[in-house]
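Each chain, letter by letter, is given below.
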Amino acid sequence: MLHRPFTVINRGGGRRGLWFLAALVAAAGGVFLLVVAVKAQQTAPTPSPSAYGKISARPTVVSPHRPGGTATSSLPTASSSDPQARSPLTLAASRPASITIPAIGLHSGVIAVGKNPDGSLAVPQPGPDLNKVAWYESSPTPGQAGPSVLEGHIDSVYGPSVFFRLAALQPGDKIAVTRTDHTTAVFTVNAVRAYATHDQFPTTEIFGSDLAFPTLRLITCSNFDQTTGHYIGNTVVFAHLTAVRRAGATE
Amino acid sequence: MKTSKRLLLPIAAAAAITAMSPLAYANAGTGASYGATLNPLNHSTGSGMLTLTLNGNVASVTEHWSGLASMFGTGPFSHVQHIHAGGQGMCPTPAADANHDGVVSTTEGAPAYGGIATTLSVTGDTSPAAGTDIKIAPSGASTNYTRTITLSSDAVKAIKGGTAVIVVHGLDPTTLSKKAQGEKSDLVPSLPLAATSPALCGVLTAMPGAPQTGYGSTAGTQDLGLFGLGGGLLAVGALGMVVGRRRTRVGIDSQS
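Each protein sequence line maps, in turn, to chains A and B.
Mapping of the first sequence onto our numbering: position 12 corresponds to residue 12, and the numbering continues sequentially without gaps.
Mapping of the second sequence onto our numbering: position 211 corresponds to residue 211, and the numbering continues sequentially without gaps.
None of these hints come from the bench; they were simulated from the model.
Some hints here could point you the wrong way.
[Claimed, not checked] Result set (SDA-like, lysine to any residue): computed pairs, CA atoms no more than 25 Å apart in a straight line:
#1 K160(B) / K132(A)
#2 K160(B) / K39(A)
#3 K157(B) / G114(A)
#4 K54(A) / Y145(B)
#5 K39(A) / G220(B)
#6 K132(A) / Q222(B)
#7 K54(A) / K157(B)
#8 K54(A) / T146(B)
#9 K160(B) / T204(A)
#10 K160(B) / P202(A)
#11 K39(A) / D223(B)
#12 K157(B) / K132(A)
#13 K160(B) / D199(A)
#14 K132(A) / G220(B)
#15 K157(B) / T228(A)
#16 K160(B) / Q200(A)
[Claimed, not checked] If the Cβ cut is set under 8 Å, some of the chain A residues that face chain B in the computed set are:
#17 A22
#18 G30
#19 I55
#20 Y136
#21 P140
#22 G152
#23 V186
#24 T188
Bear in mind that the values here come from a model prediction, so they are computed numbers and not experimental data.
Cβ coordinates follow ideal geometry from the N, Cα and C atoms, glycine included.
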């Protein structure tokens, strides 16, 4: 098959040769474009089972008679025997300005959003803020006691958006939120969960649990439904405050 | 090429339509769960959060706050707290300080948050009548509060309408201006102004439903246009080669 065309060219003269060459170039171009298209396919990660974790960031209560004084708390709380004690890291209110998640190479400005008229969480709209992370303005600011809620698009009409790789996070990964008061609240991931449909979205767990502790929830969409043309599920990352960096403290 | 263009256009158009579908909020949750982030008023240092789940007129309230004044004289500081209703559904700004003593008193804040609809007491009466009863108010610098309360219809209406405001009262007197330290409470004249002035405030809002944070451009097979163009070119090229070979064969036959 392969050597035949050349004999054809040799015997058949210029016109036939050109015709064949054009066809060959077209076919090769077609194959090239198909390869490019296949290579350009992007698929968002899904949470790994090992990232399931525990949603509550409440420190493990230390028994009154702690053997050898070993405290097993996920937060460096002063005294877990006092249920009303607040994390010594807890910050006063200050709006978030930017977010950095090294594990997924994310750095973004943070805007504020409210709710849509139908009660759902509003999302960044087309324009310069479309691919930014958004903070739900009625939730605590990051570092304040209670669940601070941030969300971002998984994709836009043009391709991956700011939270495209959110589901790749693992417990232990760090999330740094710099606030307008120039302090940086550093959170550690404790759970990454997938909710197949919006009905399964655990509203009260996300917006109304862990009231006494500075926690963070990062939300994006998941589970695209080809028939409706919409994402019908959500990925939620749960994290808790583990460090605070103050501006100038390390400089 | 004409064939491929004809094939390509509908494919590209279909892809564009899929990708550009507007956001839909199919499963918007209005829900019966509400939250209020409690932020400091009057230079108080505390903060907190309250959640409320409404079933008919029965509310399950969970609240945490900390960082408030801990002692009043020799005893623990009582912080009366309420669901306010009938105002603008807002927390007052420092501009509400009508007498310029540096403190937005409970009365000065009323246009923003309204009057007392429910008293969030730790036990007993939860009506507005218990609003200044310091004996049944949470006390100390911080609290974890849980209580199930039957609400008045006014309170339920305000909560559903998004105009209910949570206010926690009681300031550390030493944080007040000299002038304000000498003033009497606008609510209970036997107490100093600091004892009853608002320290934390938060508007009670319905918790949002799941957000629609994506357009679908990375879902399923992407770049359908590119696939169409590539496939079209390949088809045209292959066809060209077949036709070309046939013509060549015909040429060979006529020569012999």
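For each hint, the structure was consulted:
1. Proximity of K160(B) to K132(A) is assessed by CA-CA distance (about 31 Å); at most 25 Å being required, the pair is judged violated.
2. Between K160(B) and K39(A) the alpha-carbon distance is near 51 Å, which puts this suggested pair outside the 25 Å criterion.
3. A hinted pair counts as satisfied when its Cα atoms are at most 25 Å apart, and K157(B) with G114(A) qualifies at roughly 21 Å.
4. For a cut-off of 25 Å, the pair hint linking K54(A) to Y145(B) stands: about 24 Å separates their Cα positions.
5. At roughly 14 Å between alpha-carbon atoms, K39(A) and G220(B) fall within 25 Å of each other, so this suggested pair holds.
6. As the CA atoms of K132(A) and Q222(B) are separated by approximately 23 Å, the hinted pair is consistent with the 25 Å bound.
7. Restraint check for K54(A) and K157(B): the C-alpha separation of about 37 Å exceeds 25 Å, so the hint is violated.
8. Only pairs whose Cα atoms come within 25 Å are accepted, and K54(A) paired with T146(B) is accepted, the gap being roughly 23 Å.
9. Distance restraint check for K160(B) and T204(A): the Cα-Cα separation of roughly 17 Å lies within the 25 Å cut-off, and the hinted pair is therefore satisfied.
10. About 20 Å separates the Cα atoms of K160(B) and P202(A), which keeps this hinted pair within 25 Å; it holds.
11. For a cut-off of 25 Å, the pair hint linking K39(A) to D223(B) stands: about 10 Å separates their Cα positions.
12. For the hint linking K157(B) to K132(A), the alpha-carbon distance of about 36 Å lies beyond 25 Å, and the restraint is violated.
13. For the proposed pair K160(B) and D199(A), the alpha carbon gap of about 21 Å is at most 25 Å, so the pair holds.
14. Taken as a hint, the K132(A) and G220(B) pair is honoured in the structure, with Cα atoms around 24 Å apart against an allowance of 25 Å.
15. Between the alpha carbons of K157(B) and T228(A) the distance comes to roughly 36 Å, so the proposed pair goes past 25 Å and is violated.
16. Under the criterion of a C-alpha separation no larger than 25 Å, the hint pairing K160(B) with Q200(A) is consistent with the structure, at around 23 Å.
17. Proximity of A22(A) to chain B holds as hinted, the smallest CB-CB distance being about 7 Å (cut-off 8 Å).
18. Hint on G30(A) holds. Least Cβ distance to chain B is approximately 3 Å, under the 8 Å limit.
19. This hint is violated: I55(A) has a C-beta 15 Å from the nearest C-beta of chain B, more than the 8 Å allowed.
20. Hint status for Y136(A) relative to chain B: holds, with the closest Cβ pair at about 7 Å, below 8 Å.
21. The restraint placing P140(A) at the interface with chain B holds, with a minimum CB-CB distance near 5 Å, inside the 8 Å limit.
22. At its closest, the beta carbon of G152(A) sits 6 Å from a beta carbon of chain B; the interface hint therefore holds under the 8 Å criterion.
23. At a threshold of 8 Å, the smallest CB-CB gap from V186(A) to chain B is about 19 Å, leaving the interface hint violated.
24. Of the supplied interface hints, the one on T188(A) is violated, with its beta-carbon coming no nearer than about 21 Å to a beta-carbon of chain B, more than 8 Å.
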